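Undergrad: These are the residues of each chain, in order.
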Amino acid sequence: MTEIERSSRASVMLGTACLVVASALIVAADRARPGDASGKSPTGHEEVDPAAAGATTPALAPGLAPAPRPRRVVVVRRSRAS
Amino acid sequence: MNTVRFAAMGTQWWVRADVELGWVRARVAEVEESLSRFDPRSSLSRLNRERIVEDALLAGVVRAAESARAWTGGAFDARLGAQLAGLGYDRDFAAIRRPLVRPGSPSCLRVQVQGARVVLGGEGDLDLGGIAKGWTVDNVMSRLAEHGATHAIVDAGGDIRVLGEAVWVGVPGGAAPVGNAAIATSSTVGRAWLSREGRRLHHLLDPSTGNPATSPIATATVLAATALGAEVIAKALVVRPALCAHVEDWGARAWVTDARGAAWCTPSWEAA
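Going down the list, the sequences are from chains A and B. The letter at position 71 of the first sequence is residue 71 when you use the numbering used here, and the numbering goes up by one with no holes. Here the numbering used here runs 1000 ahead of the position in the second sequence, where the first position is 1.
Check before you lean on any hint, since a few could be wrong.
Derived DEER-like restraints, expressed as beta-carbon distance ranges [unchecked claim]:
no., chain 1, residue 1, chain 2, residue 2, range
1, A, Val74, B, Thr1209, 39 to 45 angstroms
2, A, Pro70, B, Ala1259, 24 to 30 angstroms
3, B, Val1119, A, Val74, 45 to 51 angstroms
4, A, Arg71, B, Asn1002, 29 to 35 angstroms
5, B, Gly1073, A, Val75, 32 to 38 angstroms
6, B, Ser1268, A, Val75, 44 to 50 angstroms
7, B, Arg1200, A, Pro70, 26 to 32 angstroms
Quick caveat, the hints were computed from the structure, so don't treat them as lab data. The structure presented is a predicted model; accordingly, all values stated were derived computationally and were not measured. Glycine included, each C-beta is placed from N, C-alpha and C at the ideal position.
Chain A with its partners taken away, still in its complex shape:
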């Protein structure tokens, strides 16, 4: 192996090592962001726990909560405004 080949190979290895270290640092920094505790994803989008969604949705009127998902049932009649 010539001196040039040795030097080139060392440069590639050093570059690869730098990329690995940089990626690890970015991931560690994202995990450490205070936004995590408030439900922020690493990309900054709001993450909503579906189970808690009802509790945070503003009510249409006092005393109401978001309705449960309709069940599949056989409907005998329909109540509608007439």
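Given chain A, work out where chain B should sit, using these hints.
TA: Frame of chain A, contents of chain B only:
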């Protein structure tokens, strides 16, 4: 099981029960002849013209309407007949073509019921359209029970009362089991029309203004012990959404939708 279907009170009736039903249509017609705002020969039309009428059936329904006005804190008000007619709803809904529009105003009509006698004082007319169907559904169901029915369904265009085992009833965006109870839906969407200026009007008036209610609630469905109660509460919720907080105090449950079709309900509806 026997079933009858017929048109009355501006809607389709469907009654099913384990007793004979031959009398049902005649009974509903009898009630309509007394309570219709669109028939000039009805007891209600005579009352609005002559301001005093003796009619036990009419007196009973007016008493129920005045009681509902009291317990809803005025959110339900049958004294808005003149305002409704002024906004163009002065004949059977199917016949409305060219409504006249007058400014709305709260009612100052005075209503007295003594025995079978009903007396009106001050300006305005009675309109029992917000309570007549529910009252009639309950009346038919009472008579079915007197005839020995153990399972019956009375459906007046979506105002439904069930005697006996629960059946599933579709509501806007969902369904509910209804057994030994009643369900009714009110909406600002169905009976709506355009004024001559192109303004969208509907039949649920806000008693505080005499004009169509402006509400975040597009449809209100109420499950209650009686059809009258369900019908009154459903209308009151559209007119005054803050009353949603009191629905369960009245022994009822509510399911409402907003203009986008999103559904909301009172806590015990989820347990249904």
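Undergrad: State for each hint whether it applies.
TA: Okay, the hints, checked on the actual structure:
1. Checked against the given bound of 39 to 45 angstroms, the beta carbons of Val74 of chain A and Thr1209 of chain B, roughly 43 angstroms apart, stay inside it.
2. For the hinted restraint 24 to 30 angstroms between Pro70 of chain A and Ala1259 of chain B, the CB-CB distance of approximately 19 angstroms leaves it violated.
3. Between Val1119 of chain B and Val74 of chain A the beta carbon distance is about 50 angstroms. The supplied range of 45 to 51 angstroms therefore holds.
4. Distance hint check for Arg71 of chain A and Asn1002 of chain B: the Cβ-Cβ separation is about 30 angstroms, which falls inside the suggested range of 29 to 35 angstroms.
5. At about 34 angstroms, the CB distance of Gly1073 of chain B to Val75 of chain A agrees with the hint of 32 to 38 angstroms.
6. Here the CB-CB span from Ser1268 of chain B to Val75 of chain A is close to 21 angstroms, at odds with the stated 44 to 50 angstroms.
7. The beta-carbon spacing between Arg1200 of chain B and Pro70 of chain A, approximately 29 angstroms, falls within the hinted interval of 26 to 32 angstroms.
Comparing the model with each numbered hint stated earlier shows that hints 2 and 6 do not hold.
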